[in-house]
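> Residue numbers (the numbering used here), protein chains in the order written: chain A, 1 to 371; chain B, 372 to 476.
Careful, some of the hints might be misleading.
Taking beta-carbon pairs under 7 angstroms as the criterion, some of the chain B residues facing chain A (in silico) [said to hold, decoys possible]:
id : residue
1  : His387
2  : Phe437
3  : Gly471
Some residues of chain B that are not near chain A, with every Cβ distance over 10 angstroms (derived) [claimed, not checked]:
id : residue
4  : Glu403
5  : Thr407
6  : Val438
Calculated from the structure, these hints are not laboratory results. Values in this document were obtained by computation on a predicted structure and should not be read as measured data. Note that beta-carbon positions come from the ideal geometry of N, C-alpha and C, so glycine has one too.
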Amino acid sequence: MGGTRVLVGTRKGAFVLTSDERRSDWAVDGPHFPGWETYHVKGSPVDPARIYASQTSGWFGQVIQRSDDGGASWEPVGNDFTYDGVPGEHQWYDGTLRPWSFTRVWHLEPSLHDAETVFAGVEDAALFKSTDGGAEWKELSGLRQHDTGPQWQPGAGGMCLHTILQHPTDRDRLYVAISAAGAFRTSDGGRTWEPINRGLRSGEIPDEDSEVGHCVHRIDMHPANPDVLYMQKHWDVMRSKDGGDTWHEVSGNLPSDFGFPIAVHAHEPETVYVVPILSDSHHFPPDGRLRVYRSRTGGDEWEALTNGLPQENCYVNVLRDAMAVDQHESCGVYFGTSGGQVYASRDSGDSWTPIVRDLPAVLSVEVQTLP
Amino acid sequence: MNDVMSDSVRVVLPAHLRAMAKIQGEVRLDVEGAVTQRAVLDALEREFPVLRGTIRDRATAQRRAFVRFFACGEDLSHEEPDSPLPDRVVHAEEPFRIVGAMAGG
């Protein structure tokens with residue numbers, strides 16, 4: 001029987017939750033890096049024992065941690081995220097220009113092909129790559145140096161590159177998303193990039209057809225159908241059926257189309273999950289009811305999943321990197337909240353159980369399906 | 372003032388950095404030449420490479436905003452990096468203290 005390992009990043013450290021395929025009893029290990037914000041923890045799909053973590057602090061900066069034993073022990077590796085050349089300027093909240101400045105790593109994406117290769121999405125927005133297990137980092141600077149770079153601006157959380165998707169068969173194709181610049185695609189391994197934001201509508205920006213300036217919160221895709229992308233934008237849930245060339249809205253009957261995470265079922269490419277949040281000024285669920293919404297039709301038609309989730313007086317948030325699915329035959333879905341709960345479903349969302357209740361505020365959730 | 376080989380300079384680190392560098396108690400560093408903030412921090416980072424970027428910004432080498440330096444009861448955070456440190460630090464009678472600024476969270 002295979003195992004299940006859930007990797008949780010929180011405001012005050014990282015936690016490793018383990019279970020077998022039944023996913024009913026969980027062991028909790030942590031906190032690792034206690035007291036430090038852990039923005040993201042993710043394992044290599046090539047070698048599940050290899051895990052990377054982004055440990056960060058307003059006091060002491062960025063640390064990248066690496067584990068070679070499934071999260072039992074960790075060693076700091078390289079933390080030199082120096083931009084390629086002299087970084088230019090981007091827009092600040094008030095429209096003035098501000099120099100690019102590294103703050104932290106938001107997202108680590110281990111390669112689909114090589115455990116030593118890992119991508120890092122950082123604030124201020126840029127994409128870095130390491131090919132030696134995180135010891136040294138090199139910027140894929142064609143992204144930041146795109147002609148639209150000076151027009152990029154931060155979202156409320158900072159100007160972060162938070163999503164990195166790898167095409168399952170074409171190694172040269174990557175998708176990234178930046179708040180609040182939008183989504184970008186490369187077809188040459190990261191040398192050149194193009195914005196892929198056609199069809200997005202963001203009422204906050206004057207030019208509704210603007211190439212950039214869209215606050216994309218998260219993108220996901222299913223490897224069996226990599227031309228279909230799903231996006232949770234600041235407002236609006238969007239779908240692309242042509243690899244990002246065009247987008248159309250699939251918010252349908254959601255009670256709110258604001259939210260942060262979006263995830264695709266492990267075995268059903270048209271089954272998608274979101275967590276509606278009341279609004280950008282509230283950051284809690286509508287009506288105090290924590291509901292995951294599932295569409296089995298690629299969007300537009302959504303059903304509320306409530307069994308086991310608090311349906312009164314619940315005012316937590318679920319952040320963009322805090323939802324993931326496992327690969328077991330009966331797909332597991334996991335998400336973490338700002339209240340420190342990690343909820344799990346082992347039946348594709350039909351029912352939920354908190355597998356841990358009182359962690360620090362959860363920033364990220366990833367899951368490994370172990371042989 | 373102190374342009375000579377010092378005694379081992381004593382350095383006190385904040386708890387988070389001690390934990391990361393696997394240090395218990397004070398650090399003692401041999402600092403060659405003038406004992407300045409820069410020289411002490413260079414020696415510290417040579418001895419403990421994991422601390423690179425945690426006290427000074429990687430790109431600018433500037434003190435990180437929420438890190439402060441104290442010695443002999445004085446706040447030395449805004450001294451020039453190449454200014455000599457007090458003689459009592461040079462002669463290991465007082466430690467050079469690296470402090471995480473008190474701020475909520």
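> Is the hint on Gly471 of chain B kept, meaning its closest Cβ partner in chain A is under 7 angstroms away?
Holds - the Cβ of Gly471 of chain B comes within 7 angstroms of chain A, reaching about 5 angstroms at its closest.
> At 10 angstroms, judged by beta carbons, does Val438 of chain B keep clear of chain A as stated?
Its Cβ does come within 10 angstroms of chain A, the nearest being 6 angstroms, so this is violated.
> Minimum Cβ distance from His387 of chain B to chain A below 7 angstroms?
It holds, given that the least Cβ distance between His387 of chain B and chain A is near 6 angstroms, below 7 angstroms.
> In terms of Cβ atoms, is chain A entirely out of 10 angstroms range of Thr407 of chain B?
holds (22 angstroms)
> Glu403 of chain B clear of chain A by more than 10 angstroms, beta carbon to beta carbon?
Label holds. Min Cβ-Cβ 25 angstroms, cutoff 10 angstroms.
> Quick check on Phe437 of chain B please, does its C-beta sit within 7 angstroms of some C-beta on chain A?
holds (4 angstroms)
The structure shown violates just one earlier hint, number 6.
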